[in-house]
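There are 2 protein chains.
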Amino acid sequence: MIKPDKIMQEFDLITKFFKPLTNKTINSHNLENDTAFIDLKQSEHLILSKDLFVEDVHFLKSDGAYKIASKLLLSNLSDLASSGAEPLYYMLGFSKTNDTDISFVKEFVKGLRDIQNKYNISLIGGDTVKSTKYFFSITVFGKTKKHKFLTRNQAQKGDLIYVSGDIGDAYFGLKINQQKKLNLNKDYQYLLDRYFFPNPRINLGKELIKKNLSKCAIDVSDGLLSDLNHICVNSNLTANIFLEQIPISKQLKRILGKKIDNEYLNIISAGDDYELIFTINPKDQKKIINLANFLNIKLTNIGYFTGCNDKLSLVNLFNNNQEFKKIKINKYGYEH
Amino acid sequence: MIKPDKIMQEFDLITKFFKPLTNKTINSHNLENDTAFIDLKQSEHLILSKDLFVEDVHFLKSDGAYKIASKLLLSNLSDLASSGAEPLYYMLGFSKTNDTDISFVKEFVKGLRDIQNKYNISLIGGDTVKSTKYFFSITVFGKTKKHKFLTRNQAQKGDLIYVSGDIGDAYFGLKINQQKKLNLNKDYQYLLDRYFFPNPRINLGKELIKKNLSKCAIDVSDGLLSDLNHICVNSNLTANIFLEQIPISKQLKRILGKKIDNEYLNIISAGDDYELIFTINPKDQKKIINLANFLNIKLTNIGYFTGCNDKLSLVNLFNNNQEFKKIKINKYGYEH
Numbered sequence: 029m030i031k032p033d034k035i036m037q038e039f040d041l042i043t044k045f046f047k048p049l050t051n052k053t054i055n056s057h058n059l060e061n062d063t064a065f066i067d068l069k070q071s072e073h074l075i076l077s078k079d080l081f082v083e084d085v086h087f088l089k090s091d092g093a094y095k096i097a098s099k100l101l102l103s104n105l106s107d108l109a110s111s112g113a114e115p116l117y118y119m120l121g122f123s124k125t126n127d128t129d130i131s132f133v134k135e136f137v138k139g140l141r142d143i144q145n146k147y148n149i150s151l152i153g154g155d156t157v158k159s160t161k162y163f164f165s166i167t168v169f170g171k172t173k174k175h176k177f178l179t180r181n182q183a184q185k186g187d188l189i190y191v192s193g194d195i196g197d198a199y200f201g202l203k204i205n206q207q208k209k210l211n212l213n214k215d216y217q218y219l220l221d222r223y224f225f226p227n228p229r230i231n232l233g234k235e236l237i238k239k240n241l242s243k244c245a246i247d248v249s250d251g252l253l254s255d256l257n258h259i260c261v262n263s264n265l266t267a268n269i270f271l272e273q274i275p276i277s278k279q280l281k282r283i284l285g286k287k288i289d290n291e292y293l294n295i296i297s298a299g300d301d302y303e304l305i306f307t308i309n310p311k312d313q314k315k316i317i318n319l320a321n322f323l324n325i326k327l328t329n330i331g332y333f334t335g336c337n338d339k340l341s342l343v344n345l346f347n348n349n350q351e352f353k354k355i356k357i358n359k360y361g362y363e364h
Numbered sequence: 029m030i031k032p033d034k035i036m037q038e039f040d041l042i043t044k045f046f047k048p049l050t051n052k053t054i055n056s057h058n059l060e061n062d063t064a065f066i067d068l069k070q071s072e073h074l075i076l077s078k079d080l081f082v083e084d085v086h087f088l089k090s091d092g093a094y095k096i097a098s099k100l101l102l103s104n105l106s107d108l109a110s111s112g113a114e115p116l117y118y119m120l121g122f123s124k125t126n127d128t129d130i131s132f133v134k135e136f137v138k139g140l141r142d143i144q145n146k147y148n149i150s151l152i153g154g155d156t157v158k159s160t161k162y163f164f165s166i167t168v169f170g171k172t173k174k175h176k177f178l179t180r181n182q183a184q185k186g187d188l189i190y191v192s193g194d195i196g197d198a199y200f201g202l203k204i205n206q207q208k209k210l211n212l213n214k215d216y217q218y219l220l221d222r223y224f225f226p227n228p229r230i231n232l233g234k235e236l237i238k239k240n241l242s243k244c245a246i247d248v249s250d251g252l253l254s255d256l257n258h259i260c261v262n263s264n265l266t267a268n269i270f271l272e273q274i275p276i277s278k279q280l281k282r283i284l285g286k287k288i289d290n291e292y293l294n295i296i297s298a299g300d301d302y303e304l305i306f307t308i309n310p311k312d313q314k315k316i317i318n319l320a321n322f323l324n325i326k327l328t329n330i331g332y333f334t335g336c337n338d339k340l341s342l343v344n345l346f347n348n349n350q351e352f353k354k355i356k357i358n359k360y361g362y363e364h
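Chains as they are written, first to last, in our numbering: chain A, 29 to 364; chain B, 29 to 364.
Next up, chain A with everything else stripped away, as it sits in the complex (with noise of 0.2 Å):
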């Protein structure tokens, strides 16, 4: 039998804290129903993510609420922009374990909100358990016109590759983090606010396409060379990376000094960037210097597709102009 305790703690959980994140959108039924409903124009494709994070692997209970429920829903926009889509809504799959006390769900719902605020997306529906430890699972809901949406398999033989933002602050935030130290200096902490609030380039995945730049995308999660070694499988070519041109942020740049050089592979094997990688024709370079005027964010061009010689794919790396490191691609990662 349930006990009216539990029922009213589950009740408390969802009418007083997730409730109010729905903004009154009838599609959530107020969280009173199993299920929540989505409508869609003809012209319409529904774009859909789904991810779980688990406490100690993806996140640290110590980051506490507010970062952890901000990068829960960030990187999952980050999802929809790397197929070109606008965020609707989202589900939410939240566990409670046994210590989980109300400041804790006031910080993941404040978390929550500052991000649909600025993405103008509401909660519409979900679940929550009881836990030994903390895990997520977010479902995302984008849209974009039909047969308009950008992904890993599309990039063509000459292409270029360009990436927004810089990249490496995660990796470097990530570093801060782990090291607790308190009283970061200005740079430190941008470094760490990179890490835990990335930007997803929502705007970007969608002019790409309004714009007909690009129909290959994908963010940058699992690292630069990961994420770009999706694209190559999928798309079946190589591609050439020059490691100078790789956009590394000023803050990052004071902090290593000269070790810079040394850090590169690893900057570009990190990851939580959520950065866009995307490809376009050659003749699209100055649209790409307009697009990044207008949109005020840094696009850069780290390379070009080549096609594939034998069966395995490969990365290039070029230093100083000269080739560097092979890394061959086969379908199961990259081996050095």
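Source of the hints: derived by calculation from the structure; they are not laboratory data. In this text, all values refer to a predicted model and were calculated from it rather than measured experimentally. Where a beta carbon is used, it is the ideal one built from N, C-alpha and C, also for glycine. Accuracy of the hints is not assured; some may be wrong.
As the list claims (entries may be wrong) - Subject to a maximum C-alpha distance of 30 Å in a straight line, what follows is the list of computed DSS-like cross-link-like pairs (lysine-lysine):
1. A:K287 with A:K353
2. B:K326 with B:K203
3. B:K124 with A:K124
4. B:K124 with A:K69
5. A:K52 with B:K69
6. B:K354 with B:K203
7. A:K52 with B:K174
8. A:K176 with B:K47
What the hints assert, rightly or not - Here are some of the chain A residues that sit facing chain B, going by a computed Cβ distance under 7 Å:
9. D91
10. Y94
11. T179
12. R180
Starting from the known structure of chain A, fit chain B onto it as the hints suggest.
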């Protein structure tokens, strides 16, 4: 840096085991993108539900992967049934632990496959993570005609309360499972199967809408009383329930024998039946008899709704036509 062997395992899990579950629908992009997509007619709603399942809370590892996966998907389909939706797709969040071996994954996939085939659905996306304990998340997608779905808040004063199938089998099946007995007789095996393989009433939900017989339904997941409670609160009504009319399977009757009178309160308080409670106008009683014949399922009238006299909703339980117990329901749940 992501190590090749980690990628290989992840890759195998997805391409060898989960990709075949996509049934080659293009909506899944072969699980090669972070996103999937769904199309919908302008005249349709997409109906969504998301659930979390946690080891030692919702299932035991010793239940075996086939049963765990089956129940996971079936209970989610029951949410779609309670809305009257036709199932389309699902997304899977899968956590593997250090001791997840190929045989576990194979059995898990076989469980999903069998349910997919029965309900003509396919996998379109998801996520895999590592965790210390198993937990899974399912998001299911179905469709209804626009504005044609069943909800908890549309019951009317005077409506008759119906329930599909039998109540209590899962309650006793859970008990049998906990006892871990070998060599079960047929009745015990039947109840155990009812616990692990619930029967989401998809066709019933669809027909109730199609034939304009009901606007209000819920599936029995927490227990007949608890789920009826949701209708009472959301529709602002009092439910009058006749205990003897609650449908009990002949298997459970044989096992309980004369003890059945003492078990009614347990039977209506236990969950996991995944039958539908739905409400109809008394004038449509004959049509429900026809529908039961048409669908070849048991549909039983167990009571009726009256208005709410005070601010608290009520469930009045009757035994031998005598009022037997009043159960007050407030917004936090029910009290005896």
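Status of the hints after comparison with the structure:
The hinted pair formed by K287 of chain A and K353 of chain A meets the criterion: a straight-line CA distance of about 19 Å does not exceed 30 Å. Our distance criterion of 30 Å between C-alpha atoms is met by K326 of chain B and K203 of chain B, whose separation comes to about 24 Å. For a cut-off of 30 Å, the pair hint linking K124 of chain B to K124 of chain A stands: about 20 Å separates their Cα positions. In summary, the hint linking K124 of chain B to K69 of chain A is not supported, as the alpha carbons are separated by about 38 Å, beyond the 30 Å threshold.
Taking the CA atoms of K52 of chain A and K69 of chain B, the gap is about 25 Å. The hint holds against a cut of 30 Å. Restraint check: the Cα-Cα separation between K354 of chain B and K203 of chain B comes to about 28 Å, which is no more than 30 Å; the hinted pair holds. As the CA atoms of K52 of chain A and K174 of chain B are separated by approximately 19 Å, the hinted pair is consistent with the 30 Å bound. Between K176 of chain A and K47 of chain B the alpha-carbon distance is near 24 Å, which keeps this suggested pair within the 30 Å criterion.
A cut of 7 Å between beta carbons decides the hint on D91 of chain A: the least distance to chain B is about 17 Å, and the hint is violated. A hinted interface residue such as Y94 of chain A counts as satisfied when its beta carbon comes closer than 7 Å to some beta carbon of chain B; here the least separation is about 22 Å, so the hint is violated. Among the interface hints, the one on T179 of chain A holds; its C-beta lies about 5 Å from the nearest C-beta in chain B, closer than the 7 Å criterion. The interface hint given for R180 of chain A is met, as the beta carbon of that residue sits about 6 Å from the closest beta carbon of chain B, less than 7 Å.
Hint violations for this structure: numbers 4, 9, 10, all remaining hints satisfied.
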